[in-house]
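Chemist: For reference, the chains in residue letters:
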Amino acid sequence: MRVTWKPDGDVWHLGFRLDPEDGLDGTVTDGQAVRLATNSCRIQLPRRVADVHPDLLALAAWTVVAPWTTRRITFDRPVSPDLAAAVERGWGIEVGPVGGGPRAGGRLAISYSGGADSAAVAAILPDSPLVHFQRVPHPRVPNRWTHYRSDVLAKLAARTGRELTITRSDLEFTLAEPRPGYPEHHAVTAGAALMADELDLGGLAFGYELGSRWLGGGRYLLRYTPDNPMWSGDGRWGRLFQAAGLPIVLPVGGVSEAMTMRLALTSELRPYVRWCLRGDGGPCGECGKCLYKELIHAAVERRPLKTAITAARPVAAKWQKPPPYGGQEMIEYGCARVPGIETTPFGVAAGHLGATVESTSWLDHCYRPALEEIPDPWRKQVTDFMAEEVGFMTEDEERRVRDWGQA
Amino acid sequence: MAKRLRRAVRAWFDARYIPRAEHRDAVRDILWEVQAAGRELAELRREVETMRARLAKPVTAPVTAPVKVPDPRQTARWDDAHRLASETASAVDHLLQNEILLWQAVDRIDLEGAT
Ligand SMILES: [Zn+2]
Chain A
0 MRVTWKPDGD VWHLGFRLDP EDGLDGTVTD GQAVRLATNS CRIQLPRRVA DVHPDLLALA
60 AWTVVAPWTT RRITFDRPVS PDLAAAVERG WGIEVGPVGG GPRAGGRLAI SYSGGADSAA
120 VAAILPDSPL VHFQRVPHPR VPNRWTHYRS DVLAKLAART GRELTITRSD LEFTLAEPRP
180 GYPEHHAVTA GAALMADELD LGGLAFGYEL GSRWLGGGRY LLRYTPDNPM WSGDGRWGRL
240 FQAAGLPIVL PVGGVSEAMT MRLALTSELR PYVRWCLRGD GGPCGECGKC LYKELIHAAV
300 ERRPLKTAIT AARPVAAKWQ KPPPYGGQEM IEYGCARVPG IETTPFGVAA GHLGATVEST
360 SWLDHCYRPA LEEIPDPWRK QVTDFMAEEV GFMTEDEERR VRDWGQA
Chain B
0 MAKRLRRAVR AWFDARYIPR AEHRDAVRDI LWEVQAAGRE LAELRREVET MRARLAKPVT
60 APVTAPVKVP DPRQTARWDD AHRLASETAS AVDHLLQNEI LLWQAVDRID LEGAT
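Chains as they are written, first to last, in numbering that gives the first Met the number 0: chain A, 0 to 406; chain B, 0 to 114.
Keep in mind the hints are simulated off the structure, nothing from the lab. Among the hints, erroneous ones may be present.
[As the list claims (entries may be wrong)] Partner residues are not named here, just some residues of chain A that face chain B (Cβ under 10 Å, in silico):
(1) Leu17
(2) Pro19
(3) Gly22
(4) Ala36
(5) Thr37
(6) Val135
(7) Arg139
(8) Val140
(9) Pro141
(10) Ala175
(11) Thr355
(12) Ser358
(13) Arg398
(14) Arg401
(15) Trp403
[Claimed, not checked] Over 12 Å on every C-beta distance to chain A, these chain B residues come out as not near it, computed from the model:
(16) Arg45
(17) Glu48
(18) Val68
(19) Pro69
(20) Asp70
(21) Gln73
(22) Thr74
(23) Ala75
(24) Arg76
(25) Asp78
(26) Asp79
(27) Arg82
(28) Ser85
The model shown is predicted, which means the values in this text are computed figures rather than measured ones. A virtual CB, placed ideally from N, CA and C, is assigned to each residue, including glycine.
Work the whole structure out from these sequences, hints included.
Modeler: See below:
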């Protein structure tokens with residue numbers, strides 16, 4: 000794979016060419032098979048930036064082309080030996096050219112999507128700037144996904160009143176299959192990486208919570224994943240971001256989605272939280288994600304489920320089957336807490352799971368090893384917040400995390 | 000129809016990535032989804048047919064206000080425009096992918112010429 004960056008005012012154009020051994024089919028770090036749509040994309044920054052460190056350009060490019068790179072990556076400017084080593088060690092890919100020094104920065108920015116998880120991170124770090132990725136159409140790729148209202152999220156992010164940097168990109172359209180989306184989950188940071196020198200960034204905080212980081216995330220069902228390749232500090236991506244002077248920070252890596260929901264909805268950001276982009280004036284209430292989030296929301300508020308979705312609807316089909324389920328810890332949590340769960344689309348699941356408030360109370364507390372992963376400059380702030388607002392898991396509760404899926 | 004089913008199946012896949020061991024369950028789930036989508040589709044089709052029939056029939060009941068009935072020729076044109084848009088979009092997909100492979104082939108020739 001060979002990549003080229005061309006700046007044009009505030010827009011950075013990324014082009015890439017396949018080496019003889021590369022093909023249109025690739026695999027994402029989480030195991031998802033993907034197919035390439037086109038070999039160019041662009042990132043529009045809020046303003047023209049003087050210069051971007053080659054390691055940042057390489058990092059941003061790698062989040063796009065990694066799935067299709069099989070043997071070697073050739074950047075258009077020399078990258079630092081540390082960055083090259085991180086790619087070589089993490090992926091077994093040859094990197095060139097190599098030369099020049101590493102970069103470093105000072106501030107921690109939040110990769111802010113507008114969902115409950117990243118809003119919780121913003122509540123934990125009230126002084127950290129937000130960086131938001133906004134999807135824009137690709138000039139060459141037909142857009143079949145006009146219902147995806149990325150402009151709504153950008154507007155909501157602006158209303159938070161926080162220091163905000165919006166980067167616009169069509170990089171999701173480099174993916175033909177399974178659908179437009181981030182080629183690697185980390186591509187959401189491509190714009191932030193290009194702005195990192197300009198904003199003096201020395202770390203990037205994400206809203207990945209306990210389930211995504213430690214309980215299998217999107218990759219595995221019912222599996223404890225201390226060595227999560229996407230989000231662990233010592234995973235391949237963790238080491239790469241570290242090498243680019245932008246270590247991955249997961250402030251909510253130790254708490255469940257119930258806690259991030261509670262933290263987000265009790266914060267000043269509540270009016271701006273949005274997890275579904277299908278609806279016009281708010282969440283659509285019709286999709287699988289709305290149903291799942293409503294279960295958590297109802298559980299946090301200890302109230303009955305508010306949904307028009309019935310068990311017969313396709314989006315509710317998976318809950319009519321026996322477990323395991325993706326995000327099962329939250330299904331257990333919700334089934335144990337929502338009054339009248341039997342008559343909801345989760346009634347069958349609740350019967351299978353037999354979860355109780357006691358059996359799921361570990362999800363009300365913070366898993367301490369997640370805090371140990373947070374780099375020094377920010378660990379104390381997050382730890383103090385968790386001590387104050389959430390509380391820590393007991394030894395027994397921590398064992399529930401480590402034994403997840405084993406029982 | 001195939002598109003709608005594909006979308007349903009894809010949406011299901013998008014919703015959860017699963018290791019190989021779970022594939023048998025996954026296939027059962029997909030079948031369930033496909034059947035559900037099929038039922039939905041049949042329903043939709045019935046609705047469309049009812050609507051078409053209603054449009055084709057002249058309005059016999061006395062009406063107080065003039066009812067605007069879309070011209071069947073016009074609805075046919077809409078259908079045709081939709082078909083053309085879908086076909087064009089997927090043609091463009093293939094064009095772009097072929098372009099990537101074409102550049103790859105060009106680069107390979109350059110590479111071989113250089114050595
Ligand atoms: Zn929705």
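Chemist: When the hints from earlier in the document are held up against this structure, which numbers fail?
Modeler: 6, 11, 12, 13, 14, 15, 28
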